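Residue numbers (our numbering), protein chains in the order written: chain A, 2 to 278; chain B, 2 to 278.
Be aware that one or more of the hints could be misleading.
Heads up, the list lumps identical chains together, so a pair's fine if it works in one copy or across two of them.
Using 27 Å as the maximum straight-line C-alpha spacing, the simulated DSS-like pairs for lysine-lysine come out as follows [what the hints assert, rightly or not]:
1) Lys100 x Lys265
2) Lys30 x Lys233
3) Lys263 x Lys158
4) Lys245 x Lys263
5) Lys200 x Lys107
6) Lys158 x Lys245
7) Lys107 x Lys265
8) Lys161 x Lys30
Hints are computed from structural coordinates only; laboratory data are not their basis.
Predicted, not measured: the structure shown is a model, and the values here were computed from it.
2 protein chains.
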Amino acid sequence: MFKRIGIIGVGLIGGSIALDTRRFGLALKIIGYDANRDNLNKAYSIGIIDKVANSIDELLDCDLVVIAVPVSYVCDILEKLYFAGYDGLISDVGSIKGKIVKKALKLKLYNFIPAHPIAGTENFGPEAAKTGLFENAFCIITPFDGVDSETLSMVEKFYKSIGMRIVKLSADEHDRIFAFISHMPHAVAYELVELAASKGENFKFIGGGFRDFTRIAASSEEMWSDIFVMNKDNVVSAIDEFIKYMRSLRDLIEKGDKNTLKEKLGNIRRMKRELYG
Amino acid sequence: MFKRIGIIGVGLIGGSIALDTRRFGLALKIIGYDANRDNLNKAYSIGIIDKVANSIDELLDCDLVVIAVPVSYVCDILEKLYFAGYDGLISDVGSIKGKIVKKALKLKLYNFIPAHPIAGTENFGPEAAKTGLFENAFCIITPFDGVDSETLSMVEKFYKSIGMRIVKLSADEHDRIFAFISHMPHAVAYELVELAASKGENFKFIGGGFRDFTRIAASSEEMWSDIFVMNKDNVVSAIDEFIKYMRSLRDLIEKGDKNTLKEKLGNIRRMKRELYG
Numbered sequence: 002m003f004k005r006i007g008i009i010g011v012g013l014i015g016g017s018i019a020l021d022t023r024r025f026g027l028a029l030k031i032i033g034y035d036a037n038r039d040n041l042n043k044a045y046s047i048g049i050i051d052k053v054a055n056s057i058d059e060l061l062d063c064d065l066v067v068i069a070v071p072v073s074y075v076c077d078i079l080e081k082l083y084f085a086g087y088d089g090l091i092s093d094v095g096s097i098k099g100k101i102v103k104k105a106l107k108l109k110l111y112n113f114i115p116a117h118p119i120a121g122t123e124n125f126g127p128e129a130a131k132t133g134l135f136e137n138a139f140c141i142i143t144p145f146d147g148v149d150s151e152t153l154s155m156v157e158k159f160y161k162s163i164g165m166r167i168v169k170l171s172a173d174e175h176d177r178i179f180a181f182i183s184h185m186p187h188a189v190a191y192e193l194v195e196l197a198a199s200k201g202e203n204f205k206f207i208g209g210g211f212r213d214f215t216r217i218a219a220s221s222e223e224m225w226s227d228i229f230v231m232n233k234d235n236v237v238s239a240i241d242e243f244i245k246y247m248r249s250l251r252d253l254i255e256k257g258d259k260n261t262l263k264e265k266l267g268n269i270r271r272m273k274r275e276l277y278g
Numbered sequence: 002m003f004k005r006i007g008i009i010g011v012g013l014i015g016g017s018i019a020l021d022t023r024r025f026g027l028a029l030k031i032i033g034y035d036a037n038r039d040n041l042n043k044a045y046s047i048g049i050i051d052k053v054a055n056s057i058d059e060l061l062d063c064d065l066v067v068i069a070v071p072v073s074y075v076c077d078i079l080e081k082l083y084f085a086g087y088d089g090l091i092s093d094v095g096s097i098k099g100k101i102v103k104k105a106l107k108l109k110l111y112n113f114i115p116a117h118p119i120a121g122t123e124n125f126g127p128e129a130a131k132t133g134l135f136e137n138a139f140c141i142i143t144p145f146d147g148v149d150s151e152t153l154s155m156v157e158k159f160y161k162s163i164g165m166r167i168v169k170l171s172a173d174e175h176d177r178i179f180a181f182i183s184h185m186p187h188a189v190a191y192e193l194v195e196l197a198a199s200k201g202e203n204f205k206f207i208g209g210g211f212r213d214f215t216r217i218a219a220s221s222e223e224m225w226s227d228i229f230v231m232n233k234d235n236v237v238s239a240i241d242e243f244i245k246y247m248r249s250l251r252d253l254i255e256k257g258d259k260n261t262l263k264e265k266l267g268n269i270r271r272m273k274r275e276l277y278g
């Protein structure tokens, strides 16, 4: 158990970590900081955090600081903590890891454990925070050369305590995988909505399929513009590859070869069932 | 109320129509026919239909025949009913309407009302049939020149009686709209799964977003290869347009212009919220 945990960024993920920290009795005091003062006050007033910090400096006596801000700000905060001489544990929950790990290596920030809890909803902000969000979810940890092993085991234990299953990957591997299974599909959802909207008043006929499909197009643009840009090499090549696949299906449809098409779709259906139910 | 209703194709949609026909007391007897004898027997044994027909000829004394087979077979069945001299009401539930209406016009089949109930799940077959599937769903009807007005009002009344809201469109308009909001998005879901599967063992990290997103890739390949081929002009041009949109987002990501990207994603998010909640 920690005495003081600091949460930087009290939105969906940071707020939910705070709620579960309290629920599982993992800290005596939970201190929140957020560059967005409204969100910070909201998080305090709805009981997500015990105390408001007016700056990152007020978190320096924490045992663990969890950084839960849009990914593009993580590196700056790591730098701030480093230069302020913070020597407790640090973790982040950013959806991309490569650029963050690069920064940590440069700073020799060996008390930092990069993590990515695979949890979330398309809602965001402190009001979206909820207990149990991480139950049974994977937490991908991407430790880098030189990282302190005691830090690693304590941070792992913390994420396990709020219900997660730890998986270790390299930061590069993480970013490549997530470009394919998360970042590029989000790009697809955004463009499906943009295209359908450009067609005007057809939305009243939209069935459950399209609705589920494009639910994620309501996600935070702050978060996703960050992810796309910070993982742009992987995302661009995933989109390129996806376009190639789309074009090959398009050509098959144009040829009107129903049997080949049916066989292909059947194979995909079986792959989907086998791979993830 | 009808004396006898015939259902050709006792899968998800046909079976659910049969169940609601009984539930709302719309027919004294529900007779089913299916080219797949196993499905036909299953539909009878689980109580979806009252009687098995061994051929379409055994449906000729029905007051209404609903054709609920994969779209590519609808035209053949219309021909069969026509040449057998069937003179009751006919409707179909196919997801594409252009080619079907063309055939009906050629046959001067003025007792036929083409329909498309916007309902369904990714499951299929008689076991997937359920009551209430059509409650509050849109039923798009695409009547053509010359169609009998009494037939039209009786078929409309039938679909309304099982809970649907009627909307009239031209067959061409219907096919163009659905290429964008349903057919092309299904193509996208199939290709997302195919691409992700080609990447190997990454599926354990798949979050709720991707799962919802690609749920429809488990749909029937029989149905979807039919839809793609029968609506191929519209589907191909929807895919082409979608690829253009994807490429423009890809280029924006490659440029790394976060502000423009964020503005674009924010606009899409707001469009989505405004247009369909």
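How the hints compare with the structure:
In the homo-oligomer, the alpha carbons of Lys100 and Lys265 lie at most 27 Å apart only across protomers (24 Å), although the nearest pairing inside one protomer, at 38 Å, exceeds that limit. Taking identical chains as interchangeable, the C-alpha atoms of Lys30 and Lys233 are never at most 27 Å apart, the minima being 38 Å within one chain and 61 Å between chains. Taking the shortest Cα distances, Lys263 and Lys158 never come within 27 Å of each other, neither inside one copy (48 Å) nor across copies (35 Å). In this assembly of identical chains, the alpha carbons of Lys245 and Lys263 lie at most 27 Å apart whether taken from the same copy (19 Å) or from different copies (26 Å).
Taking identical chains as interchangeable, the C-alpha atoms of Lys200 and Lys107 are never at most 27 Å apart, the minima being 49 Å within one chain and 31 Å between chains. In this assembly of identical chains, the alpha carbons of Lys158 and Lys245 never lie at most 27 Å apart, being 42 Å within a copy and 46 Å across copies at closest. Taking the shortest Cα distances, Lys107 and Lys265 never come within 27 Å of each other, neither inside one copy (48 Å) nor across copies (33 Å). For the homomeric pair Lys161 and Lys30, the shortest alpha-carbon distance inside one copy (19 Å) is at most 27 Å, but the shortest distance between copies (59 Å) is not.
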